[in-house]
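Okay, here's what each chain looks like letter by letter:
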Amino acid sequence: MTKYAYFLIFILSISSCTHYTIKVVNEKKGELTATHELVINGEKKFYLDSVTAPFPPYMQLITDSSGNQLLTFLNPYNNSIYFYNYTDTNYINRIQYYREGANAILKPAGYYIHNMDSIYIYNMPMTEIVLSNNAGTVNGKISLRSNDPEWPLYLPQYLLSTVNPIYELDRHLILTGQSFFSIPKQDLSKFRFSACIDIQNNQVNYFHTYPEEVYGKNSNWEGGLPTQVYPALSPNGSLVYSFPPSHNLYITNYNTDQYKKVYGGSNNANTIRSIDREAKNTLDELVVAHYLQQDMYAAVLYDKFRNIYYRFLLKGLPGATFSTPKEEKPIIIIIMDENFNYLGETNIGTGKEWNWNNTFITREGLNIEYIGDDLNEDYLTFKIFSLNSIN
Amino acid sequence: MKIILKVFFLFLLFSSCGDNDTKKEMEFLTNAINQVPIDDHYKWIVILPGIGCRGCIQEGEYFLKSHIENNEILFVLLKTPSLKILQQKTGVNLNARQNVLIDKKLIFNIPTQNNIYPCVVSLKDGRIVSHSFQSPGTTALYDLEKQL
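Protein chains in written order, with the working numbering: chain A, 476 to 866; chain B, 24 to 171.
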């Protein structure tokens, strides 16, 4: 009888591990020819006040009514949005939001400035969009969750950033969210990560699922980073999604679920593997080490001035452990033309030098926040990259 | 034989990962203080991570503000997102303090899941006696405060 019991336990322990390790092969590795590279050709430095640190969590470049290009960014310490003239780098003003009272916005974690009377702010603790203005007044709220405490299992959460901004398309706000967990096979076709808010009636609809060939078969992509989704807006208004474990890019419209898939990978990226363990039994140490060891793609941006795309790749560190800083991953920027044909790629260094989360495009080029290695926090600094032909 | 087998299974099931972590942390911290010359007059090292358990970090920042004048404590600042903002919050000129170590090389980045909590390391004659964490379930900073 005891023997049967042990046998039963053995069979149960094997049959419960029904996960599958996904291997995402880079079919064009070593076959691509570079014709272009990125080189640094400029710098912008914005002087910061005594209560503003570099590395702001969110930025938006806007054009004011006089045609001036303004760099705006969030200061989480004093709950403000700061405005600078991008051209001459001079400080203009700031909008302070309250943390208490009728106009409270507890923790802004992203925003979209439609105009100075309509500023949509993502209030992270409440998972809501707050309609505000340049006086800090709250004029409305749109919830992005339900009353069910288990809502994160079927609705997205949002880690907005300069490279994962809120877009406005056809009078709709598009927020690209994500699941923070691996998605069970049976839920993959139901979990939609993109919220689409009709700003005329505040109606919210959800679109866009994770591709099955990358996230299917109960594969283990725990930790939140491999399930992060990065959007770019193409010149014809399509959304282009970059999923960290995929060498491909996925193109769609904001209000449909169908994708067109194109290759958008690196000539040097390796096969990317999901964690070879069942998701619910994976220790954090393994999740972190796995992310660090694998090549993982990140943001994708469209450059309307040069009609090209940039896609970031964070190279894997083969010997990385739980305590290896994720900033040690080398940062590669892949360059593609408007049809996603490969133009080249450039290794710019590591996250110790660059805060790639703060990247945006201007007429001058590709602006990336530069960290440097000193403790000076007086300036917000960007290096500007431009495209260079390789002879 | 069956009893031994069952005891063995139970041992495997319940042998604590916590003990392994504590040992790993002690070895790591011993190695860390060998890398950084730490004066013998320090009785405690307080490691304050800038990223991790938010409430615990706030308690750590309050502790720093309250006890920065105590020269028996060495404060190690690890993964601090902004020294400028930490100075604003605490009112302490961190760069000017002898008993503040800004650990940019992550020498004190503890290699376990506890690295999201402030850590109090007790020293005697420059050697580690014990360490504990300020976490939702442990009270290292309060315990230290009682000794001061």
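One or more of the hints may lead you astray.
Below are the DSS-like pairs computed for lysine-lysine, each with C-alpha atoms no more than 25 Å apart in a straight line [to be verified]: (1) B:LYS112 / B:LYS46; (2) B:LYS46 / A:LYS827; (3) A:LYS790 / B:LYS66; (4) B:LYS88 / B:LYS102; (5) B:LYS128 / A:LYS827; (6) A:LYS498 / A:LYS827; (7) B:LYS128 / A:LYS801; (8) A:LYS582 / B:LYS112.
Covered, in the sense of this in silico footprint (three residues per stretch, anywhere, with C-beta under 8 Å from a C-beta of chain A), are these stretches of chain B [claimed, not checked]: (9) 104-112; (10) 154-168.
Keep in mind the hints are simulated off the structure, nothing from the lab.
Heads up, the beta-carbon is just placed ideally off N, CA and C, and yes, glycines get one too.
Structure-based check of all given hints:
{"no.": "1", "hint": "B:LYS112 / B:LYS46", "in the structure": "violated, 34 Å"}
{"no.": "2", "hint": "B:LYS46 / A:LYS827", "in the structure": "violated, 30 Å"}
{"no.": "3", "hint": "A:LYS790 / B:LYS66", "in the structure": "violated, 42 Å"}
{"no.": "4", "hint": "B:LYS88 / B:LYS102", "in the structure": "holds, 18 Å"}
{"no.": "5", "hint": "B:LYS128 / A:LYS827", "in the structure": "holds, 11 Å"}
{"no.": "6", "hint": "A:LYS498 / A:LYS827", "in the structure": "violated, 29 Å"}
{"no.": "7", "hint": "B:LYS128 / A:LYS801", "in the structure": "holds, 13 Å"}
{"no.": "8", "hint": "A:LYS582 / B:LYS112", "in the structure": "holds, 17 Å"}
{"no.": "9", "hint": "104-112", "in the structure": "holds (count 6)"}
{"no.": "10", "hint": "154-168", "in the structure": "violated (count 0)"}
Of the numbered hints listed earlier, those contradicted by the structure are 1, 2, 3, 6, 10.
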